[in-house]
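Take a look at the letters that make up each chain.
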Amino acid sequence: MTGMIRYLPLIMTIALWATIIMLWPGATPLEDSIIAWINITLLTILSLALLNYGWRILREKKERRAGSRLRAKLVIALVSMLLIPAAILQVTANQMVEKGMDVWFDVRVDTLLDQALNLAQGFYARVDSDLKHGLRTAMNDDELLQYIATLPISYSLLNTRLNEIMLHQDWQSIQVFDLNERLIASVRLEGLSGIESEALEEEAKSTLTLGLISTKLVVKEGDEMAVGYAPLRAHQNVVGILRAQVKLPEGTVQNARAVEADYRTYRELERNRQAIRSTFTHAMLIVTLLIIITAGIVAVGYARRLTSPVSELARALERVTEGDLTVSIPTAPEDELGSLVHSFNRMTLRLKQNVEALEQTQKELTGALDSSRQRQYVLETLLANLQTGVLLIDAKGNIRLLNQAMRELLNLSTDWMPGRSISPLCTGRLHLVGQFYDELQHHNEEHLQCELELPVENSSRLILARGARLSGAGSAGFSGYLMVLDDISSLAEAQRHRAWAEVAQRLAHEIKNPLTPIKLAAERLQRRFRKMADDTVVFDSCTHAIITQVERLQRLIVDFSDLARMPQPKPTIVSVKELITDMHELYSAYPRIHAEAFADDIQCYCDADQIRQILINLMDNALAATEQTKAPVHLYGSHDEKMIEFHIQDGGSGIPDDSATHVFDAYFSTKENGSGLGLSIAKRIADEHDGELLLVSNRQPTHFCLRLPIEKTSMEPS
Amino acid sequence: MSFAFRLIPKIAVAMAAALGMFFQINITYAATPPSSFQIITDSEVIYCTAGPVTMTAKEKQALSEGTPITFSWEIIMKEVNTYWINNTVGSITFIRQAIPDLISKTWLLTDSSSGISRRVRSIDEAILWLSYLDHFPTLDRSLLTAGSTYNFHIKIHIHEGEYRDSWWTDLIRFETTVGQKEIILP
Numbered sequence: 001m002t003g004m005i006r007y008l009p010l011i012m013t014i015a016l017w018a019t020i021i022m023l024w025p026g027a028t029p030l031e032d033s034i035i036a037w038i039n040i041t042l043l044t045i046l047s048l049a050l051l052n053y054g055w056r057i058l059r060e061k062k063e064r065r066a067g068s069r070l071r072a073k074l075v076i077a078l079v080s081m082l083l084i085p086a087a088i089l090q091v092t093a094n095q096m097v098e099k100g101m102d103v104w105f106d107v108r109v110d111t112l113l114d115q116a117l118n119l120a121q122g123f124y125a126r127v128d129s130d131l132k133h134g135l136r137t138a139m140n141d142d143e144l145l146q147y148i149a150t151l152p153i154s155y156s157l158l159n160t161r162l163n164e165i166m167l168h169q170d171w172q173s174i175q176v177f178d179l180n181e182r183l184i185a186s187v188r189l190e191g192l193s194g195i196e197s198e199a200l201e202e203e204a205k206s207t208l209t210l211g212l213i214s215t216k217l218v219v220k221e222g223d224e225m226a227v228g229y230a231p232l233r234a235h236q237n238v239v240g241i242l243r244a245q246v247k248l249p250e251g252t253v254q255n256a257r258a259v260e261a262d263y264r265t266y267r268e269l270e271r272n273r274q275a276i277r278s279t280f281t282h283a284m285l286i287v288t289l290l291i292i293i294t295a296g297i298v299a300v301g302y303a304r305r306l307t308s309p310v311s312e313l314a315r316a317l318e319r320v321t322e323g324d325l326t327v328s329i330p331t332a333p334e335d336e337l338g339s340l341v342h343s344f345n346r347m348t349l350r351l352k353q354n355v356e357a358l359e360q361t362q363k364e365l366t367g368a369l370d371s372s373r374q375r376q377y378v379l380e381t382l383l384a385n386l387q388t389g390v391l392l393i394d395a396k397g398n399i400r401l402l403n404q405a406m407r408e409l410l411n412l413s414t415d416w417m418p419g420r421s422i423s424p425l426c427t428g429r430l431h432l433v434g435q436f437y438d439e440l441q442h443h444n445e446e447h448l449q450c451e452l453e454l455p456v457e458n459s460s461r462l463i464l465a466r467g468a469r470l471s472g473a474g475s476a477g478f479s480g481y482l483m484v485l486d487d488i489s490s491l492a493e494a495q496r497h498r499a500w501a502e503v504a505q506r507l508a509h510e511i512k513n514p515l516t517p518i519k520l521a522a523e524r525l526q527r528r529f530r531k532m533a534d535d536t537v538v539f540d541s542c543t544h545a546i547i548t549q550v551e552r553l554q555r556l557i558v559d560f561s562d563l564a565r566m567p568q569p570k571p572t573i574v575s576v577k578e579l580i581t582d583m584h585e586l587y588s589a590y591p592r593i594h595a596e597a598f599a600d601d602i603q604c605y606c607d608a609d610q611i612r613q614i615l616i617n618l619m620d621n622a623l624a625a626t627e628q629t630k631a632p633v634h635l636y637g638s639h640d641e642k643m644i645e646f647h648i649q650d651g652g653s654g655i656p657d658d659s660a661t662h663v664f665d666a667y668f669s670t671k672e673n674g675s676g677l678g679l680s681i682a683k684r685i686a687d688e689h690d691g692e693l694l695l696v697s698n699r700q701p702t703h704f705c706l707r708l709p710i711e712k713t714s715m716e717p718s
Numbered sequence: 719m720s721f722a723f724r725l726i727p728k729i730a731v732a733m734a735a736a737l738g739m740f741f742q743i744n745i746t747y748a749a750t751p752p753s754s755f756q757i758i759t760d761s762e763v764i765y766c767t768a769g770p771v772t773m774t775a776k777e778k779q780a781l782s783e784g785t786p787i788t789f790s791w792e793i794i795m796k797e798v799n800t801y802w803i804n805n806t807v808g809s810i811t812f813i814r815q816a817i818p819d820l821i822s823k824t825w826l827l828t829d830s831s832s833g834i835s836r837r838v839r840s841i842d843e844a845i846l847w848l849s850y851l852d853h854f855p856t857l858d859r860s861l862l863t864a865g866s867t868y869n870f871h872i873k874i875h876i877h878e879g880e881y882r883d884s885w886w887t888d889l890i891r892f893e894t895t896v897g898q899k900e901i902i903l904p
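Chains as they are written, first to last, in this note's numbering: chain A, 1 to 718; chain B, 719 to 904.
No wet-lab data here; the hints were simulated from the structure.
We treat Cβ as the ideally placed atom computed from N, Cα and C, and that holds for glycine.
Check each hint, because a few of them may be wrong.
Stated by the list, open to error - Result set (EDC-like, lysine to aspartate or glutamate): computed pairs, CA atoms no more than 20 angstroms apart in a straight line:
1) B/Lys823 <-> A/Glu202
2) B/Lys778 <-> A/Asp114
3) A/Lys577 <-> A/Asp607
4) B/Lys776 <-> A/Glu270
5) B/Lys778 <-> B/Glu843
6) A/Lys671 <-> A/Glu551
7) A/Lys519 <-> A/Asp540
8) B/Lys778 <-> B/Glu878
9) B/Lys823 <-> A/Asp130
10) B/Lys823 <-> A/Glu268
11) B/Lys776 <-> A/Asp110
12) B/Lys823 <-> A/Asp110
13) A/Lys216 <-> B/Asp819
14) A/Lys216 <-> B/Glu843
15) B/Lys823 <-> A/Glu203
16) B/Lys823 <-> A/Asp114
17) A/Lys671 <-> A/Asp658
18) A/Lys220 <-> B/Asp819
19) B/Lys778 <-> A/Glu270
Stated by the list, open to error - Partial list, computed: chain B residues near chain A (C-beta under 8 angstroms):
20) Lys776
21) Gln779
22) Ala780
23) Glu783
24) Gly784
25) Thr785
26) Leu820
27) Ile821
28) Ser822
29) Lys823
Pulled out of the complex, with its shape left as it was, chain B reads as follows:
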């Protein structure tokens, strides 16, 4: 037993080394070049335009060969504080999914934010729909204060295969930052 206790520090060192390598790799993967990201404001709503996010050849192949592809989008808005941690104003998480039908050669597109689903016959249309947010309404402007600085952070997670939303999927989900931008409301 004492022998096992003596091993604990050594195992801890080994675990720390492994964790170090783990985060190093995670950072490497997250550092893929971000796509275009724009914040558009009008008198009432703040919109986001992001993407299109580049899909890998493997993902495109999977989509063409009948494997569903799910894009999990997350938009986080924070009020930037100079001397304190940033204050989260709001966050939106939604899912866009493309489910191929190989028999009819169509792709069923679903959007969890609007609840709309439709079927398209072109894979490029499906890919564009998955990877591109066009004028996506993000936040009511009344929630923001004029003159303040806000940070918009948009991340995606691409899932290949049947998507099952459960509590533990968030724990092992590694997202990619698409874009990050600060705005000062006039």
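Only chain A is shown next, with the shape it has when bound in the complex:
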């Protein structure tokens, strides 16, 4: 419905154009159609104004100008309120005129007027006829002709006779003219006072010429008179002209003229019947159009005045919506809208004050937030770069914070994330972490510390776990538990190495010295007292056992000494290809060893002797493991951008699962005569080269991998 109202001005414009076409006067004289042209002009103005207004309403619909809808509705409502009664009035008036025309121009009136005019014409014709008849009688009056024809004329007799004829014919005057148009005799009813010499008229001349009776109507000083001329003949010759005059009765003349005037007026009206109707219609239309145009202008002005504050309010609200709080409406009418405007101004002022206060608060908060963010950033950076694993748990047992070091330390799955409950996650290999958390919860002390040995990937790590109970105060406080985990495997191993080194040094010192005299004494006993022995077999066996075990103890002491006095690596640039080739040549006596030389001549930065020691150790272990089965042993190398790898694989019986995690521990050996220090020393050498020695698989095949950095590292030669 609202959409239709918006198109109403355009619809009305079309209707007006249709009206213009209907009212178009066509090829009629402008004098007759000037009123129609005025109407067409007014209609054109109105239609153009409506077209303009309709177009503006449609345009404002797209642009959404504030207050335009309300204004359009007001104007349309006001004009419609006037237009509908005006149209009804116009139609009613037209109908009334139409009916009135039918009454006015009734056929009975027409007939009556015709009859009245005929009556008047009959009267005049009768007067004319009587006058002619009288003239004819007079022109044949012998006595009169005799007086005229007898010369000299007896004027007294002539006048007497004329007077008699005048009285007989009831004429007002009678005159006789001779052939020279001179007045011979004249008799008037009113007497001699009225005698005037009048010139003969055209009709008298024609009478004289043609010899016929002629009459005419003369209007003089408001009176109408019938004047007649008749030739006077004597002896077949015209001797004079008789002029007679009859005054028509004044009342009858007035009536006849009134009838004539009415008839003329009526006929004029009848002829212009259509024009009258058209004139009335157009006059009414002019009034209607003027009223509508005036009302339209007033309506537009009124609507503009009424909606102006609303428009200003809407525009001001738009500006407020856009964030401009400095807006204020300066003028306002003294009515409800004015009150609204004042309220709006107060509202914007208050809003502005509040916003300013808010901005100040926001600025302070932003400062605090920036500071907090900075602190948080520092903390996060610290936690991210910290090698120590940090785990923060809230009072409900949910993870609040977890750093990357913790993930790497415990090799945590992706399930470990803030918001998750920690208890379900601490299962399997991480059950010790869960136990530590439980102990922390139920422990009376604020702090707790213990060492945990957790399996991570294929090895176990010794973790130093420290926990603290956090109890915040107030709403900003935080209650929960902080767990800090450190990998102390290297530290423990170093401590172990150091302990073993001390033990080895002391053993070497305490044991090595007596071993040589024991061995020499045993050899002397063998040489000097063998012949004296009763049972040489037993004697040999015993001395041999002493010597053998002493030698074993000496080797053990040498290993201990080596472990205790591990020299610092002296790195140089070494060709990996040469290393593998050397190893192949060293073990060339063993055909089951398959060494694959490097295709590329890759070099690495290491102590060649120590690396050879590791490879020899690994190769010896592999050969020992495959001594009975004669399974092949593979030695090959590989590399990536940063690391070079030496792989030793054998198809031996392998390492038991429970021993696999301890193969690099000192003094751990699965061999009967092993010291358990070979792999421990090898791993230590690898660590000192910033590399690593890995047990890739413990069986089928048994696979060790030595990884060394290609580039020079922080390792410095001593």
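For this one, chain A is given, so just place chain B on it according to the hints.
Just chain B now, kept in the frame of chain A:
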């Protein structure tokens, strides 16, 4: 007030459109076929013979039903200039009127140029007298120059009803051209 000022251009456009239509109609009406028009010269006087102008049936009916009919004749003579506007040599305006008398069934004919009036009993005679100029003396030949070109323009305005000559009747009077002719005096 500013709103009214803004309306002025729009009203002007509307008025121009209305005036355009007005003149278009006026030209249409003025373009009725002209009657015969002749210029007759003798040694002293230049005469015009024009008409008879065809009267409409409505006008004839009005005349027969007692409404006076007035023919306002206007003859304009201009010297034709090639490179300038034409120079008006003279103009004659006169009125011929027929006033019916329904009672006596006569028509009183008056001519403002001669002052003569007469009464006729035939409507056809009255119509012919109104609409026909026969050998009407227009201009003294001595006022014209031999060899020059002159334009004669004759127009009429037919008025139905009582004729009142006033200053404003000329403003709303729309005349019809009866004929237009150029002559070159020998």
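Against the structure, the hints come out as follows:
no.	hint	in the structure
1	B/Lys823 <-> A/Glu202	18 angstroms, holds
2	B/Lys778 <-> A/Asp114	18 angstroms, holds
3	A/Lys577 <-> A/Asp607	15 angstroms, holds
4	B/Lys776 <-> A/Glu270	11 angstroms, holds
5	B/Lys778 <-> B/Glu843	12 angstroms, holds
6	A/Lys671 <-> A/Glu551	18 angstroms, holds
7	A/Lys519 <-> A/Asp540	14 angstroms, holds
8	B/Lys778 <-> B/Glu878	10 angstroms, holds
9	B/Lys823 <-> A/Asp130	17 angstroms, holds
10	B/Lys823 <-> A/Glu268	17 angstroms, holds
11	B/Lys776 <-> A/Asp110	18 angstroms, holds
12	B/Lys823 <-> A/Asp110	19 angstroms, holds
13	A/Lys216 <-> B/Asp819	12 angstroms, holds
14	A/Lys216 <-> B/Glu843	17 angstroms, holds
15	B/Lys823 <-> A/Glu203	17 angstroms, holds
16	B/Lys823 <-> A/Asp114	14 angstroms, holds
17	A/Lys671 <-> A/Asp658	15 angstroms, holds
18	A/Lys220 <-> B/Asp819	15 angstroms, holds
19	B/Lys778 <-> A/Glu270	15 angstroms, holds
20	Lys776	7 angstroms, holds
21	Gln779	6 angstroms, holds
22	Ala780	6 angstroms, holds
23	Glu783	4 angstroms, holds
24	Gly784	4 angstroms, holds
25	Thr785	6 angstroms, holds
26	Leu820	5 angstroms, holds
27	Ile821	5 angstroms, holds
28	Ser822	5 angstroms, holds
29	Lys823	7 angstroms, holds
Against the hints set out earlier in the document, no violation occurs for any number.
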